[in-house]
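J.: First to last, the protein sequences are chains L and D.
When we follow my numbering, the leftmost residue of the first sequence carries the number 452, and every step to the right adds one.
When we follow my numbering, the leftmost residue of the second sequence carries the number 43, and every step to the right adds one.
Source of the hints: derived by calculation from the structure; they are not laboratory data.
All of these numbers come straight from a predicted model, not from anything done at the bench.
Here a beta-carbon is modelled for each residue, glycine too, at the ideal position from N, C-alpha and C.
Among the clues, some could well be false.
Said to hold, decoys possible - In the BS3-like style, the derived pairs of lysine-lysine whose C-alpha atoms are separated by at most 25 Å in a straight line are:
| # | chain 1 | residue 1 | chain 2 | residue 2 |
| --- | --- | --- | --- | --- |
| 1 | L | Lys510 | D | Lys149 |
| 2 | L | Lys557 | D | Lys157 |
| 3 | L | Lys558 | D | Lys223 |
| 4 | D | Lys67 | L | Lys558 |
| 5 | D | Lys251 | L | Lys558 |
| 6 | L | Lys480 | D | Lys149 |
| 7 | D | Lys116 | L | Lys510 |
| 8 | D | Lys116 | D | Lys240 |
| 9 | D | Lys157 | L | Lys474 |
| 10 | D | Lys216 | L | Lys558 |
| 11 | D | Lys110 | D | Lys237 |
| 12 | D | Lys119 | D | Lys145 |
| 13 | L | Lys480 | L | Lys557 |
| 14 | D | Lys67 | L | Lys480 |
| 15 | L | Lys571 | L | Lys510 |
| 16 | D | Lys237 | D | Lys223 |
| 17 | L | Lys474 | D | Lys223 |
| 18 | L | Lys558 | D | Lys145 |
| 19 | L | Lys474 | D | Lys161 |
| 20 | D | Lys145 | D | Lys223 |
| 21 | D | Lys153 | L | Lys480 |
| 22 | L | Lys470 | D | Lys116 |
| 23 | L | Lys558 | D | Lys108 |
| 24 | L | Lys557 | D | Lys149 |
| 25 | D | Lys145 | D | Lys110 |
| 26 | D | Lys67 | L | Lys510 |
| 27 | D | Lys145 | D | Lys67 |
| 28 | L | Lys571 | D | Lys149 |
| 29 | L | Lys571 | D | Lys157 |
| 30 | L | Lys557 | D | Lys110 |
| 31 | D | Lys161 | L | Lys470 |
| 32 | D | Lys216 | L | Lys480 |
| 33 | D | Lys216 | L | Lys557 |
| 34 | D | Lys157 | L | Lys558 |
| 35 | L | Lys557 | D | Lys161 |
| 36 | D | Lys215 | D | Lys67 |
Said to hold, decoys possible - Covered stretches of chain L, as calculated for chain D (at least 3 residues, CB under 8 Å):
| # | stretch |
| --- | --- |
| 37 | 489 to 497 |
| 38 | 500 to 507 |
| 39 | 510 to 521 |
| 40 | 547 to 561 |
One-letter residues, chain by chain:
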Amino acid sequence: MVTFQFVPYSDIETLSSAKRITKLINIVKENKIVIMEGRLRREEEADLIEITMEEISPKFKGIEISVVYPDRNKQNLSQKMKGVFASVLLGDRQGMTIIGPASVVKKIEQNPDKIELFTKENGNGNGKTRTRNRK
Amino acid sequence: MVKNFFKNLFSKLKFNPFAKKNHVKLGLYGPPNGGKSTLANRICLDWLGEEMSSVSHIAHETREIKIKEQVSIKNKKGRELTFSLVDTPGIATKIDYEDFLRKGMNKKEAKDRAKEATKGVIDSIKWLDNMDSVVVVLDATRDPYSQVNITIMGNLQARNIPVLIAANKVDLKKSSIDVIKAAFPQYEVVGISAKYGKNIEDFYETLFKVVK
Chain L
452 MVTFQFVPYS DIETLSSAKR ITKLINIVKE NKIVIMEGRL RREEEADLIE
502 ITMEEISPKF KGIEISVVYP DRNKQNLSQK MKGVFASVLL GDRQGMTIIG
552 PASVVKKIEQ NPDKIELFTK ENGNGNGKTR TRNRK
Chain D
43 MVKNFFKNLF SKLKFNPFAK KNHVKLGLYG PPNGGKSTLA NRICLDWLGE
93 EMSSVSHIAH ETREIKIKEQ VSIKNKKGRE LTFSLVDTPG IATKIDYEDF
143 LRKGMNKKEA KDRAKEATKG VIDSIKWLDN MDSVVVVLDA TRDPYSQVNI
193 TIMGNLQARN IPVLIAANKV DLKKSSIDVI KAAFPQYEVV GISAKYGKNI
243 EDFYETLFKV VK
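Model the full structure from these sequences, guided by the hints.
T.: Encoded structure:
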C-alpha cells in the first residue's frame with residue numbers, strides 16, 4: 452500500500468526554509484509520499500537535497516522528487532501577470548511538488564504534461580501511478 | 043583617447059581594468075555517470091597532457107571535489123582562456139549502498155562508498171557559490187527532465203552563473219541532443235563524446251562564448 456499525504460501551501464508558508472524542509476523530510480521518512488501544493492524556492496530545493504544526504508542511512512535511502520510547474524513560456528501576458536501577483540500576495544502556490552521515499556518510489560518521470568510515478572511494488576518496481584497535470 | 047591614456051597608465055602600473063577576465067573557476071556539474079570526470083580527463087589530456095580523475099561505470103566514482111589549476115585553452119582565433127577546472131561529485135537525491143553491493147563490492151566497501159558519496163553531493167552543492175562558470179554534463183541517452191537537472195539549472199540561474207550544457211555520449215545510438223535542447227532552450231548545448239573526443243573542438247569554441 453502506498454500512502455499519500457497532501458501538504459497545503461498554508462501549512463508551510465509561515466515556516467522558515469529549514470523548518471519547511473524538515474517537515475517534508477519527516478513525512479517522507481514515515482514512508483509516505485508528499486503531494487505539496489506549490490513549490491519550494493530554488494535554493495530550498497538544493498537545501499532539500501543537502502539535508503536528504505545528511506539523513507541517509509541503511510534505513511533511509513533518499514528521496515525521489517518532481518515538481519510540476521506551469522510553463523511560463525506558454526502563458527500569455529495576462530496569465531503571467533496574474534501568476535506574478537498571486538506569488539507576491541500568496542506565495543508560490545502554483546504547481547505541485549511530489550516527494551517520495553526512495554525505498555517506495557522507484558522513479559518519477561515527468562513529461563511537460565504528465566507525471567508517472569513508479570513504485571517499488573513488492574520490491575519489483577513494476578507499480579505505476581499516473582497523474583495528469585492541467586496547465 | 044581618454045581610454046587609451048588610462049590603458050597606458052594602467053599597463054605601466056601592471057593593472058588593466060579593461061582586460062577581460064581570463065582566469066575563472068570552471069565547474070563540471072551534473073548527475074552521476076553523466077561523464078563529468080571523462081570530460082575533465084579529456085580537457086586535461088588535450089591541454090596539459092595528463093589525466094585528472096579516475097572514471098568508472100559504477101556511479102559515484104568521484105566522491106570529492108577535484109581541482110586542476112591553471113588549465114589554459116586556446117581557440118581558433120588564438121584567444122587564450124585560463125581556468126581552474128573543478129570536477130565535482132554527481133548530484134543525486136538518493137544513494138543506496140545495496141546498489142554498490144550489486145556491483146560486486148563487499149558490505150563495508152559499499153557502505154563506505156555510500157557515505158562518501160553523500161558527503162560528495164553536499165560538497166558539490168556548497169561549491170556552487172564558488173563557481174564563475176559551469177559546464178553541466180548530461181548523459182544524452184537519458185531523460186533530461188529529472189528534478190536533479192532542473193534543480194541544478196535553477197540554482198545556477200539564481201546565482202547568475204553562465205552555463206554551457208555538454209550533451210555527452212553522442213557516440214551512442216540512443217542519444218538525443220534535441221531532447222536536451224528542448225528541455226533547456228535558454229542554454230547553449232553542445233553534443234560531445236568526451237570518451238572519444240567527438241565534437242570536442244566545438245565544445246571548446248562554445249566555452250569561449252559562454253565563459254565571460
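J.: Work down the list of hints and note, for each, if the structure agrees.
T.: Against the structure, the hints:
1. Lys510/L - Lys149/D: holds (15 Å)
2. Lys557/L - Lys157/D: holds (21 Å)
3. Lys558/L - Lys223/D: holds (23 Å)
4. Lys67/D - Lys558/L: violated (34 Å)
5. Lys251/D - Lys558/L: violated (36 Å)
6. Lys480/L - Lys149/D: Measuring from Cα to Cα gives roughly 23 Å; hence the hint holds.
7. Lys116/D - Lys510/L: Given that 25 Å is the threshold and the Cα spacing comes to 50 Å, the pair is violated.
8. Lys116/D - Lys240/D: OK: Lys116/D and Lys240/D at ~18 Å, within 25 Å.
9. Lys157/D - Lys474/L: Roughly 24 Å separates the two Cα atoms, so the pair holds.
10. Lys216/D - Lys558/L: Holds - the C-alpha atoms of Lys558/L and Lys216/D are around 20 Å apart, at most 25 Å.
11. Lys110/D - Lys237/D: Roughly 19 Å separates the two Cα atoms, so the pair holds.
12. Lys119/D - Lys145/D: Since the Cα atoms of Lys119/D and Lys145/D sit roughly 47 Å apart, the hinted pair is violated (cutoff 25 Å).
13. Lys480/L - Lys557/L: holds (15 Å)
14. Lys67/D - Lys480/L: violated (37 Å)
15. Lys571/L - Lys510/L: holds (15 Å)
16. Lys237/D - Lys223/D: Between Lys237/D and Lys223/D the Cα gap is close to 21 Å, so the pair holds against 25 Å.
17. Lys474/L - Lys223/D: violated (35 Å)
18. Lys558/L - Lys145/D: It holds: about 20 Å lies between the C-alpha atoms, which stays within 25 Å.
19. Lys474/L - Lys161/D: holds (22 Å)
20. Lys145/D - Lys223/D: violated (33 Å)
21. Lys153/D - Lys480/L: With Cα atoms ~20 Å apart, Lys153/D and Lys480/L stay inside 25 Å; holds.
22. Lys470/L - Lys116/D: violated (48 Å)
23. Lys558/L - Lys108/D: violated (30 Å)
24. Lys557/L - Lys149/D: Holds - the C-alpha atoms of Lys149/D and Lys557/L are around 22 Å apart, at most 25 Å.
25. Lys145/D - Lys110/D: Distance ~30 Å between Lys145/D and Lys110/D Cα, so the pair is violated.
26. Lys67/D - Lys510/L: violated (37 Å)
27. Lys145/D - Lys67/D: Distance ~34 Å between Lys145/D and Lys67/D Cα, so the pair is violated.
28. Lys571/L - Lys149/D: The hint holds at about 23 Å.
29. Lys571/L - Lys157/D: holds (23 Å)
30. Lys557/L - Lys110/D: Violated, at about 36 Å.
31. Lys161/D - Lys470/L: holds (22 Å)
32. Lys216/D - Lys480/L: violated (36 Å)
33. Lys216/D - Lys557/L: holds (22 Å)
34. Lys157/D - Lys558/L: Distance ~22 Å between Lys157/D and Lys558/L Cα, so the pair holds.
35. Lys557/L - Lys161/D: holds (23 Å)
36. Lys215/D - Lys67/D: violated (33 Å)
37. 489 to 497: holds (count 4)
38. 500 to 507: Answer holds; 6 residues pass the 8 Å Cβ test.
39. 510 to 521: The restraint on the stretch 510 to 521 of chain L holds, since 7 of its residues have a Cβ under 8 Å from chain D and three suffice.
40. 547 to 561: Three-residue rule met by the stretch 547 to 561 of chain L, so holds; n is 4.
Going down the numbered hints, you'll see the structure goes against 4, 5, 7, 12, 14, 17, 20, 22, 23, 25, 26, 27, 30, 32, 36, while the others check out.
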